[in-house]
Every structure is written in C-alpha cells, then in structure tokens.
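Enquirer: Put together the whole structure using the sequences plus the hints.
If you read the sequences in order, they're chains A and B. Yeah, the first sequence ends on 239 if you go by numbering that gives the first Met the number 0, and it's all consecutive. Yeah, the second sequence ends on 239 if you go by numbering that gives the first Met the number 0, and it's all consecutive.
Hints are computed from structural coordinates only; laboratory data are not their basis. Even glycine gets a Cβ: it sits at the ideal position worked out from N, Cα and C. Among the hints, a few may not be true.
Across the chosen pairs, the derived CB separations fall in these ranges [stated by the list, open to error]:
1) A/GLU43 / B/ASP92: 36 to 46 Å
2) B/ASP83 / A/SER222: 14 to 24 Å
3) A/THR6 / B/ASP92: 16 to 26 Å
4) B/HIS187 / A/HIS141: 32 to 42 Å
5) B/ASP106 / A/GLU44: 33 to 43 Å
Spelled out, the chains give:
There are 2 protein chains.
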Amino acid sequence: MSFDVSTVKALVFDVFGTVVDWRSSITREVAAVGARLGVEADWEEFADRWRAGYSEGTRDVREGDRPWMTADEMHRERLDLLLDKFGMTGLSDKETDHLNRAWHRLDPWPDAVEGLTRLKSKYVIGTLSNGNVGLLVNMAKHGGLPWDVVLSGQLAGTYKPDPKVYLSAVSLLGLEPGEVMMTAAHLHDLHGGAAAGLRTGFIARPNEFGVGSAKAETVVDDSIDASASNYIEFAEKMGV
Amino acid sequence: MSFDVSTVKALVFDVFGTVVDWRSSITREVAAVGARLGVEADWEEFADRWRAGYSEGTRDVREGDRPWMTADEMHRERLDLLLDKFGMTGLSDKETDHLNRAWHRLDPWPDAVEGLTRLKSKYVIGTLSNGNVGLLVNMAKHGGLPWDVVLSGQLAGTYKPDPKVYLSAVSLLGLEPGEVMMTAAHLHDLHGGAAAGLRTGFIARPNEFGVGSAKAETVVDDSIDASASNYIEFAEKMGV
Numbered sequence: 000m001s002f003d004v005s006t007v008k009a010l011v012f013d014v015f016g017t018v019v020d021w022r023s024s025i026t027r028e029v030a031a032v033g034a035r036l037g038v039e040a041d042w043e044e045f046a047d048r049w050r051a052g053y054s055e056g057t058r059d060v061r062e063g064d065r066p067w068m069t070a071d072e073m074h075r076e077r078l079d080l081l082l083d084k085f086g087m088t089g090l091s092d093k094e095t096d097h098l099n100r101a102w103h104r105l106d107p108w109p110d111a112v113e114g115l116t117r118l119k120s121k122y123v124i125g126t127l128s129n130g131n132v133g134l135l136v137n138m139a140k141h142g143g144l145p146w147d148v149v150l151s152g153q154l155a156g157t158y159k160p161d162p163k164v165y166l167s168a169v170s171l172l173g174l175e176p177g178e179v180m181m182t183a184a185h186l187h188d189l190h191g192g193a194a195a196g197l198r199t200g201f202i203a204r205p206n207e208f209g210v211g212s213a214k215a216e217t218v219v220d221d222s223i224d225a226s227a228s229n230y231i232e233f234a235e236k237m238g239v
Numbered sequence: 000m001s002f003d004v005s006t007v008k009a010l011v012f013d014v015f016g017t018v019v020d021w022r023s024s025i026t027r028e029v030a031a032v033g034a035r036l037g038v039e040a041d042w043e044e045f046a047d048r049w050r051a052g053y054s055e056g057t058r059d060v061r062e063g064d065r066p067w068m069t070a071d072e073m074h075r076e077r078l079d080l081l082l083d084k085f086g087m088t089g090l091s092d093k094e095t096d097h098l099n100r101a102w103h104r105l106d107p108w109p110d111a112v113e114g115l116t117r118l119k120s121k122y123v124i125g126t127l128s129n130g131n132v133g134l135l136v137n138m139a140k141h142g143g144l145p146w147d148v149v150l151s152g153q154l155a156g157t158y159k160p161d162p163k164v165y166l167s168a169v170s171l172l173g174l175e176p177g178e179v180m181m182t183a184a185h186l187h188d189l190h191g192g193a194a195a196g197l198r199t200g201f202i203a204r205p206n207e208f209g210v211g212s213a214k215a216e217t218v219v220d221d222s223i224d225a226s227a228s229n230y231i232e233f234a235e236k237m238g239v
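Expert: Here it is, written out as structure tokens:
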C-alpha cells in the first residue's frame, strides 16, 4: 500500500458489477420470461441494453437534463421499451414489476460475501451505489451482503461520479474524506471518489460485461491507492 | 394481532431507550470520567440532564426554532454546559469528544440482539432514530445490532415525531406506509408513525429512566397495533 491503511475507518462499495454480477443474473431472468412467452432472442443483448438505460439515465440526471428519478424508475422505463422491442407481450403490470425487480435479486460475485464479512470485522462497510436504498436493501437480503449501512446517490439527490455523492456519504458517516475508501471495478467511479478526497481501491471484474469483453477495465493508473482481483485478496491487503 | 401481520414487510425501530439502555451506559461513562477527575456527583442526574438537552434540541429543530443540528452536535453542546456545571474541568478537546461519543457506545437491552436477529430472518429491519447516521452505525458495531438499513431523521432533515421522518423512511424503502411498522417504547413516537400511516408496535421498557421511575410508559392505548415486553416476545408475535 502506498498509504497508511490505519487511517481508513470505513469502506464504501460500488455495487453493480463490483459486488454483484448484474449481467448473468439479468440475462437469466429475462431469458426465463422470454421462454415463458415463447420468444427467442439474444438475452445478453437485452441485459446490456437494459443496463445502458440506467447508465444514460443517471448521467442525464447528474447533468441536469432530466429531473430526479430512482434506479427503479429508470429500469422500468427502459424495460417497457425493451419488452416492446423484443416482442415480449402479454405480461401483466405485476409481472412486469416483478421482472423490473430482477435488479433487486442480483447474485454476488463468488468472493463478495466472504470478503465483505472479513472487512466488516475491522471497518465500517457500506454501499455507495447509484441504486436506490430499497433496491440495495432487498439485494443485500437476497445475496446475504452484510452491510453496516446502505448509502446511495439517492441520499445526495444526484448520481456518482458527482462529488456530492461521495461527500454526502462521508458526512453521514461523520468522518473525514481521507478516512473513507471507495472501492469499485470502474475507474471513473474511483476518480470521482478521489476528487472528493476519498481513498480508492480497485477490484478487477474482467467478466462484468461477459467473458473476455474488452469493456472491462483491468489496469489501474497511479492515482489508485490499492487494487486486488477480488474482495478476499483485498481484505488481506487491508489487514484482515 | 388486530391486523394481518403478513402485510408488514419492514420494521423500523426507535433506538434510544427502545433498543439500547442509554441511561445505564451514559451514567457509567460519566461516572468513570468523574472518578478520574476526582469529582463526586449524582451521575444519573448528569445522564438525565444530558439526555434532556437532546430532547429539547430535536424539539427546537422540529419546530423551526433552531437550524438543523445533528444529535452529536446537540450532545456536545449540552455536554460542555454540564461539564462546567458539575465542575469537571481539565478534559482535552479529544477527551471531551470521546466522552461525547459515549452515545455511540450504548449497550443494547438484553433481549435486543436475539430479538432483532429473529425479526431480520423474515423482515427488513432498520433504525428510525433521531440519532445521526454515523452515531447509529457506530452503535450497531459496538452492540452487534444486525440492522439491514440505518434510517434517521437526518435523512429527512427534521426529527420525529414529524410525519416527514416516517414518510422518508417508507419512501427510501420503496414501500407503502402500511407495509412498515414503527416500534418504540414511547407512545408519542408511535402516534407520529400512525399519523403517517405506519403500523405500530410498543415495546415496554419500564427501567429506561431508572428502576421504578414513573416516567416510563407501560400501558398502551387502543391505537397501537401490537405490544410486547421485549423483542423476543415481539418476534414471536410477528411469527418468527
């Protein structure tokens, strides 16, 4: 480590892609609904396009181009479009809502629960996601994620990487920015955290966008304080 | 139960006095500091007057008579006054801050961890306290309180029993008011929750203000949905 680990009191975690494997979980759920409706399609493409709606939505809110919307609302908006585009008709509103909540049922990466549990023995651990609080709470129940606290862009009224989100988390924890470390598989998120004064830890998730996809980041730059290939290795680096 | 328990999805908990025994913990910590400084006094009275500063502070903020302050800030303001009044001089700022954080180190009532753990197996469980988030997170680490989510008046910018606080919790959880049950040892808190449409559960804490104190409420009125003498009994009533 290039810094004194003992200065860190809390770790906050990006969630989608970093702690949970959204693409496999979403692909599985939409494929199951497709099979039930008798529709054949590239369900990984469905998952990627659904995810893209969320990425665009958080960017538009952050940049002031759209009023506040939660992740649940963005997911539903894009889901309605995609169901139509993929010819998936006949779902009731209740069934569509259940499918929309597939984002509440994402499975953790295999190392996540063990790594977080170890980190929790020494640090405060919390989400710091653009997902809304209810989504993150339900996901933690689903996957057994042992958060001490659920923090979200929702509590700052905007989205990462706006510095307001990181500073809101620091303030709610009653800490100084340098006492909090942001961990994520995405450099833009870590750069946002660093710009707000937080420590940064990179976790490589090479298969986030599919096995072998070039979209995953695997190389960090010098600005990142620590990096690891999973949360068990990261916990070891953090002294637990 | 006078209602269908299966409609409840989340339980939110008052914390000071309901889940943790603030008076014994605070009395013990201030007595230890007093002994170190060679001061003799009625430390239960000190604890009660410290607690009163917080109660008055949250009321003044709620009624718009003071700008926003966190529980930590109110505790520190009153602590400085009381240290002076009790002739406790010579503490460094760091020592005073540590004493102020005695409110982060309150011990749970003996039934709390077991009762909450049982309730967590079926329901989302979260704080809904006027304490600030950082205080509640540190207290959970200290006492092993297994919250799924830490909700606070701080997230609504005002204090219970303002309906905004209960409705903020409901909204962050993504639920309807009737799907959330407020539990507390204090009727004014439950009446505030009920006014916002929440279900209500009373937990008797006859010794909150000292053994045999008439200040503790022990009898509920007809508006309360459920009551129990501790969280283990309450968990049984809630079907877990």
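Enquirer: May I ask which of the numbered hints given earlier this structure violates, with the numbers listed in increasing order?
Expert: 1, 2, 5
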